[in-house]
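Peer 1: The chain contents come next:
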Amino acid sequence: MAGYILRRLLQAIPVLLGTTFLIYFMVFAMPGDPIVALFGEKTPPPQVLEAVRERYNLDKPFIVQYLLFLGGIFQGDLGISFSGEPVSDILARTFPVTLRLALLSTLFLMVGGILIGLISGLRKGGIFDASALVVSLILISLPIFVIGFVAQFVFAIQLGWFRTTVGPGAPWGDLVLPAIVLAAGSFAQIVRLTRSSVIETDGQDFVRTAASKGLSRRRIVPVHILRNSLIPVVTYLAVDFGVLMVGATVTEGIFNVPGVGNTLYQAIIRGEGPTVVSFVTVMVLIYLVVNLLVDLLYAVLDPRIRYAK
Amino acid sequence: MPSNTRPSQAHYVAPIEETPLVAIDSVKAEGKPSNLWTDAWRDLRKRPMFWISAVMIVILVIVALFPTLFTSVDPRYCQLSLSNQGPGGDSLLGYNRQGCDIFARIIHGTSTSLAVGLIVSFLVALLGVIFGAFSGFYGGWLDAVLSRIGDIFFSIPYILAAVVVMSVFSQYANVWTISLAIGAFAWPATARVLRAEILRVKNADFVMAATALGVSRFRILLRHVLPNSIAPVLVITTISLASAIVAEATLSFLGVGLPSTTMSWGNDISQAQVDLRTNPQTLILPSIALSVTVLSFIMLGEVIRDALDPKARAQR
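Protein chains in written order, with the working numbering: chain H, 1 to 309; chain Z, 1001 to 1316.
Calculated from the structure, these hints are not laboratory results. As the structure is a prediction and not an experimental result, all values here were calculated from the model. Every residue gets a Cβ at the ideal spot worked out from N, C-alpha and C, and that includes glycine. Mixed in with the good hints, there may be bad ones.
As the list claims (entries may be wrong) - Just some of the chain H residues that point at chain Z, by a computed CB distance under 8 Å:
| id | residue |
| --- | --- |
| 1 | L9 |
| 2 | L10 |
| 3 | I13 |
| 4 | P14 |
| 5 | F25 |
| 6 | M110 |
| 7 | G126 |
| 8 | A151 |
| 9 | F155 |
| 10 | Q266 |
| 11 | V284 |
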């Protein structure tokens, strides 16, 4: 197990260096003044311009610039926003909100998606299965901002069940609708994955053995089928984390949730390039760490992974 | 008593031509040999979902190529006096805030979405096949290098990457740059799928036979391995076309996509968000156009996947 963890950590290093380099390269190795290009049509205050120039060491050779930028990240220096506030401070303020939104959304996703996937898988070919497939196909086709606006229009504006935007402090109740919207983006994939996984597990020998032993279906389904079907679903949640981050950017923007995604959304809308770069870097780093953790968790759950080459 | 019963036999023994065994033993030498593609096509033809999506896509392509067949209204001719007026009179779907005809804008926006989808999926297939084929077939250090490069691009969610690229190149935003920005980061999934498939195929007997005959490695890859492992790429390319359309709309929605002068569903949805309360159809109608287009390509990808994958077929 220790060997596996070590190997997996070593594999993560080139990817980590590569992704940060790639983002940095895209922005700062381009011809012309990258700072001016980042601000687009906006003219930033001279202090900000000066601070950004100094931060990115633009007078030094490119590779030195990058190394200093990387060193800064490891010391917790993630850059400064357009308004002059350190990105790490903004992150500390907004991250708890996004975490709550993500947890709520994952809860809806797990409960709703896995339950519907399980029923579909157990009754494949039935009317429930067919309608679940149709609904999931339609949900896949809807971009998350369309789902967000339609949900906001129907449930908040027309029916008045929820508030249209999230209030200050982002109470749990206000986060329900954004969390449902965020979950809707990945819902279809979870349903389908659970369904096919359940169908596959249901055909396994150990399920037949359990049935011939005289166990009731009521016991076989949760203990033997569901538990063994969940491993690919849990792994998918990690892969899906990237979708979740993009989704959070859009959803938080629509519902004005004061989280990390909304900060990125506002920075993009306002054309604040340096802030966008900082936040995308942070999100990619979080994404890498989450994937690493899930890979390690997966190895704990499934011993076969540990011993594979 | 039939003549072909021997004295020792109490029962009639039918000649082989009269038994069902004939069908099992016979080899249809004159019929066309069946392979994955002919089987898949035979399967596809029977599916209503295939025909629905195919007809939808044909209609969308016609709309994109000849928008004036469907509307004679100039989508750029807007009258503020008609701002937010409902359907009726000259207009099928009403007007948006600027007083532009919503139906005309939807019709003329079709080509943008389809162009981005096509360019991105071409790029994704090209890069994915090059990276996936070389790393899967040659293995060794080449595989290690190419796979790590793929990992790096895979670790940046492609919409976020495109946000960064388009923030830097905001002056040059057009259909081509946005497609390049999306495609440059969307290919690793295709490369991974192809690599896995090639690893499976390259140990097949026919590859060994080709090697024994002295066929060069590159020729084996091109003529024998690649054609036998390309099926999943076809599926994932169709679906990546749909994802690219969504990505373009999302980027335009975020304001880092196409310039507002370009006719695009994403731009129209983005501009309509302030009118969600007062005039929801300005937002809902382009959204429906977008979703129906995406749905058509996803449905096509799904039916092709089912037709090409016998295992998935058995699970249905």
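Peer 1: Checking against the hints above, which ones are violated?
Peer 2: 1, 2, 3, 5, 6, 7, 8, 9 and 10
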